[in-house]
Every structure is written in C-alpha cells, then in structure tokens.
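Protein chains: 2
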Amino acid sequence: MKREKSMVFIDRLIDRIIVTKNHCIVGIDPHENIIPKYIWDECYNSSMSKAENMGNLIYQMGKEIIDSIYDIVPGIKPQIAFFEQYGSFGIKAFENVCCYAKAKGLIVIADVKRGDIGSTARAYSDYYLGCEDTSLSVDSITVNPYLGRDSIEPFVNNCIDNNKGLFILVKTSNKSSSDIQDRLCNGKRIYEIVSDLIIGLEEKSMGNKGYSSIGAVVGGTYKEEGEHIRKQMKRTYFLVPGFGAQGAKASDLVGFFNDDGLGAIINSSRGIIGAYKLEEYKDKPFAIAARDAAINMRDEINKKLYEAGKVAW
Amino acid sequence: MKREKSMVFIDRLIDRIIVTKNHCIVGIDPHENIIPKYIWDECYNSSMSKAENMGNLIYQMGKEIIDSIYDIVPGIKPQIAFFEQYGSFGIKAFENVCCYAKAKGLIVIADVKRGDIGSTARAYSDYYLGCEDTSLSVDSITVNPYLGRDSIEPFVNNCIDNNKGLFILVKTSNKSSSDIQDRLCNGKRIYEIVSDLIIGLEEKSMGNKGYSSIGAVVGGTYKEEGEHIRKQMKRTYFLVPGFGAQGAKASDLVGFFNDDGLGAIINSSRGIIGAYKLEEYKDKPFAIAARDAAINMRDEINKKLYEAGKVAW
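Protein chains in written order, with the working numbering: chain Y, 1 to 313; chain L, 1 to 313.
Chain Y extracted, bound-state conformation:
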C-alpha cells in the first residue's frame, strides 16, 4: 500500500538545498553527555527505567533541535545507534524524531548502515524505505556494501518504487577506513569498486536534475580521495561526514562538489547539536547555539564554494 507519491528523492533533496541555500545537514547524534541540563531537569522521571527516561530525553532534544533549524537546513541525519542503545524506548524516540522532522518538511536521512542478504535485506528495506503500514519510510538511509550487489538490490528497488534514496558507504571518514576500503585490486581500490557498483545503478535511479538517487558516503577527512571519487562519479550525490569535530574544514570540501555547485551534502553532528558547549557559543542557550552554528557552517561552505566559482543559485 502506497502512503505517498512524490518527486524522486534526489530532486526533492536538491530542491530543499536550493530553497534553503544550504548544503549542510544536521546530524542528530543524541549522545548522553550532549543532552542539555535543562532537558534532564524537565524530563527525567525517577519512577521510570533509565531506558524509558533516555528515550524521552533524546526525543525532546531531537525535537528542540529540529524546531531550531528546520527552516534553514535541507535535512537531518539521525544516527540510529544513539537511539537503538536504549532499546525499544530509543527506537520509539527515533521514529518520533523522524516523523517530527518529516512533518516540518525536512529531508530525513537515517544513518543506519544496514547490510544483509535476501529476505533479511528486504525486511530492513521495507521498514526504512517501504510504504507498508508498518514502515517508518524515511527519505533515505545509509547502507554498507560489504555483502555485495545482491545485498543492495532490495534497497535500490524500494528507492525506485517509492521515490526514496540511498547513500552507500564508499570511503568512510575514520582512520581505519583504509584497512579494507583502500586495498588495491587489479589497479582499483575497493572504494572505487563500490563506486563502480553505484555508477552501474545510475541509469535506473536518475532524477531530473542531473543526479541519481543512489548516492555515496565519502568522508570529508579524505580530501584527495574525495576529489578523485568526484571526478569518477559526476552524477552521484555525496553524503559527507567528518566536518568539524572529526577534522574536515570547509576549504577541504570544495572538491567534493561539482562545478554546478551541487553534488554534496555536508553533515555536522556534534558541531551543531553540541555547539552550546563550545567556547564560541558558550553564553547561548542550546537551541540558539545550534541554529547559530548551523548558519555559520552554511555560510562557511557557501563562501568557499563562491570563491571557487561553484555556485548553485
């Protein structure tokens, strides 16, 4: 049963990027020690279990972040691990955060990095990208390619049928991403082999704005590799983690974009939702600090793109 019929994912994402004039998305990673004290004070109920309390706290935190940035960013990337760690209460909070963000018009990219085979992959895909009564049905998710093409297929099928998107891990932002992803096989690195797999899916997933709904995760901490992959994959949108806390700067990321000023969305999590703890924003309340940090990040990226002559609007 179809619950919605809308534009192709990648066209919706690009529209939001252009309307907000912003290439940056906000990572909702509600780590326990980022939750502001006033939310603990307001929401913690000592007669409930810790898991139930944490579910309520992280939902409240997610909601306040969304309220503070929904009009200035194209979307959010909730990281499910920080919800899943509180079991069913955490997943309830995750579902509520995703629904709240969608109701506010945000693109929701659930960072779940799932990867499995056959009917198992279909079960994941039907939940995240399906249109069943029981589906969460976010706009897009991240997936892990280690199990190969047939493990990706059920997700791709739902993307096409339901106008959803995927970001497949290509080159991740962490130090050990080299262990597997950089291995050279017959003149190609593993991450390039994954890139080829994504390029092979382009034809059936192209939108009307020159990009495909099957994107790639490319860590902002690897400038050279990012620029190299960009040249290989002109029509692939990149989801770029690693900005801020992990070390990538705006100037490192210009080469992750195409000359049309599109092609990448840059994620920041702690740098936005934990901004109120940074020296720079320390006298500002949680939500105001997050909004200010999101505006600063937007302007920083736009400035570097402008200087490089890559402007999309």
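Watch out, some of these pointers could steer you wrong.
No copy labels: a pair is met if it fits in one copy or bridges any two.
[To be verified] Calculated pairs, DSSO-like style, for lysine-lysine (alpha carbon to alpha carbon, straight line, at most 30 Å):
| no. | residue 1 | residue 2 |
| --- | --- | --- |
| 1 | Lys50 | Lys102 |
| 2 | Lys175 | Lys188 |
| 3 | Lys282 | Lys104 |
| 4 | Lys188 | Lys223 |
| 5 | Lys50 | Lys303 |
| 6 | Lys175 | Lys209 |
| 7 | Lys277 | Lys231 |
| 8 | Lys277 | Lys37 |
Just so you know, the hints here were simulated from the structure itself, not pulled from any lab data. Values in this document were obtained by computation on a predicted structure and should not be read as measured data.
Based on these hints, arrange chain L on the given structure of chain Y.
Relative to the frame of chain Y, chain L by itself:
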C-alpha cells in the same frame, strides 16, 4: 555497572555444544509468512496497530520455538531485521525473545551486522555487549568489517571486559559476496585480509579451550573457501549460515570444523522454524516439527563429523 561475571564467551559456547552434543543453532527469523496460523488466531487483536500486533506475534512465535528446542541446542541466532521491521514494537519483541532464551540457558547470538565508527560503534556495543542498566547484553553479535579495525575495537573491548563474543563477517553465504570479499589484493583476497584482522585479535580474546571469543562468519555455501579459511584460522570459531534453504549440505561442512571436532556452529533458520511447512514434517504441529528438524540436523552434522573422524565427545 556489571550485571554478571561469568566464563569467557567461547568457553561457555563450547560447553553448551558439548553438553547438548550439538553443533547447530536455531536462527529465529520470524518472517511474516512463517508464523503459524494458530498464533495469528490466538494473538491478533484487530483493535491494535499492525506493528503492535506483529510485535506480539513474533514474540509468541520466538517463545514457542525456544520452548521446543532449548534443551537440545547450544543457542539461537535471532535476526534483528525481522523484528526491527516493526519498529519499537518489534524491538521490544526482540529484547523479550533474547531475555527469554537467556533465561532458558541458551547462548544468544544476535545477528545485527552492525558496523560504525567512534562513539557510534560504542553506542551499539554498549547496548548489545555492555553491562549498563540499559544494555540488552546478549552473548554475542555479528559485525561488519567494511569500516576497518577502529570500527571493530569498541566491540572487542566489550567482549574482553564483559565475557562476550563477536562474529565478524568474513565470507558471507550469498552469491554477490564475491563482489567485494573475493577481490584479490596483493595476493590476498579481501576475506583473507579480514581473517588476518581477526587472527590479530586472538591473543587478547583466547578462552581456555583453544579458541578465541572473536569468531568469523563463513557461509556454508562456499565449501572450498570455508575449508581454506579453516586452515588459516585454527583458533577461530566459525558461525556458518547457509545450511538448508540456501543450499549447504552437512557433507559440505565437515571441512569447516577442526580435527578436534570443534570450530563451527551451523545455523538453520527456515529449515527449523519453518519445518512445519515442509513435506517431511507436514502432519506435525509447528513446535514439534521444529524440534524434530533440529534433532535431524544435529544428527546429520554429527554423522558426517563422525565419518570424518572429527568427534568432540
């Protein structure tokens, strides 16, 4: 906060294998069309949402399977995707199935195939393998190595601190596992590079019975590769999917074991929990069919090991 202090995971698993004289575990993959009609009739409540109903149904099904096999198998492998697809209600069922199985003395290997970096990996690890108030704290989980060594570390640390276990994807049972895993890099296949990573973790995770608590997932559908990996990894326990419905036969799996008659646990999901739908068991009730299928599988594997002179008891 520590909730339990017990023997090293791999020693506990081997003890259960020897006590039950069984190398086979039962995969709890409660696919909607495997749930027996009488459970639908008993549990479905039309005033509740589909997701809530499905949570109740799959818990009931899992519980009945556990009741039917807990005394004859070493453990179970619940596949989280079939629970996660029903959101928070599904995860509640997953938690309840895992707790119920643990209370019955079964080893619980949660098939979650998680893989992420830094504090995200720690959040997953603390939930599945931790000893926090909010931890599910099963015995072991499966993880995906695509993100490299530092993505595995938080899981390994919890294994050592809390006597838990891991099974890292090496060579999966699906057809496309060759896309990435079989690539040849400098004379080594990617799955051998992952094997080396696991061997490197042996020293800190060895139990008292000659095996390490950091195991490998090796698909039973790849006989030659399985035998090859076995020779490289003498002290690694294999979790072997692919028996039955996916095509691996008992005779294919002898070479996945060491000469001591240990070294592998063979999983069957549909072949056990869906046995009542097979011609062979068609006049038997759901739970009896599952028990009979589990006994037949146990005997089949033991017979082949006996014929090969690989007997552990």
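Hints and how they fare:
Taking the shortest Cα distances, Lys50 and Lys102 sit within 30 Å of each other both inside one copy (28 Å) and across copies (22 Å). Taking CA atoms no more than 30 Å apart as the test, Lys175 paired with Lys188 passes in both settings, with 20 Å inside one copy and 22 Å between copies. Taking the shortest Cα distances, Lys282 and Lys104 sit within 30 Å of each other inside one copy (28 Å), while across copies they are farther apart (52 Å). Taking the shortest alpha-carbon separations for Lys188 and Lys223, both the intra-copy value of 18 Å and the inter-copy value of 28 Å come in at or below 30 Å.
For a Cα distance limit of 30 Å, the shortest separation of Lys50 from Lys303 qualifies neither inside one copy, at 44 Å, nor across copies, at 49 Å. Within a single copy, Lys175 and Lys209 get their C-alpha atoms no closer than 34 Å, and across copies no closer than 34 Å, so neither meets the 30 Å cut-off. For the identical chains of this complex, Lys277 and Lys231 are neighbours neither inside a copy (38 Å) nor across copies (52 Å), given an alpha-carbon limit of 30 Å. Taking identical chains as interchangeable, the C-alpha atoms of Lys277 and Lys37 lie at most 30 Å apart only when both belong to the same chain, with a minimum of 11 Å there against 55 Å between chains.
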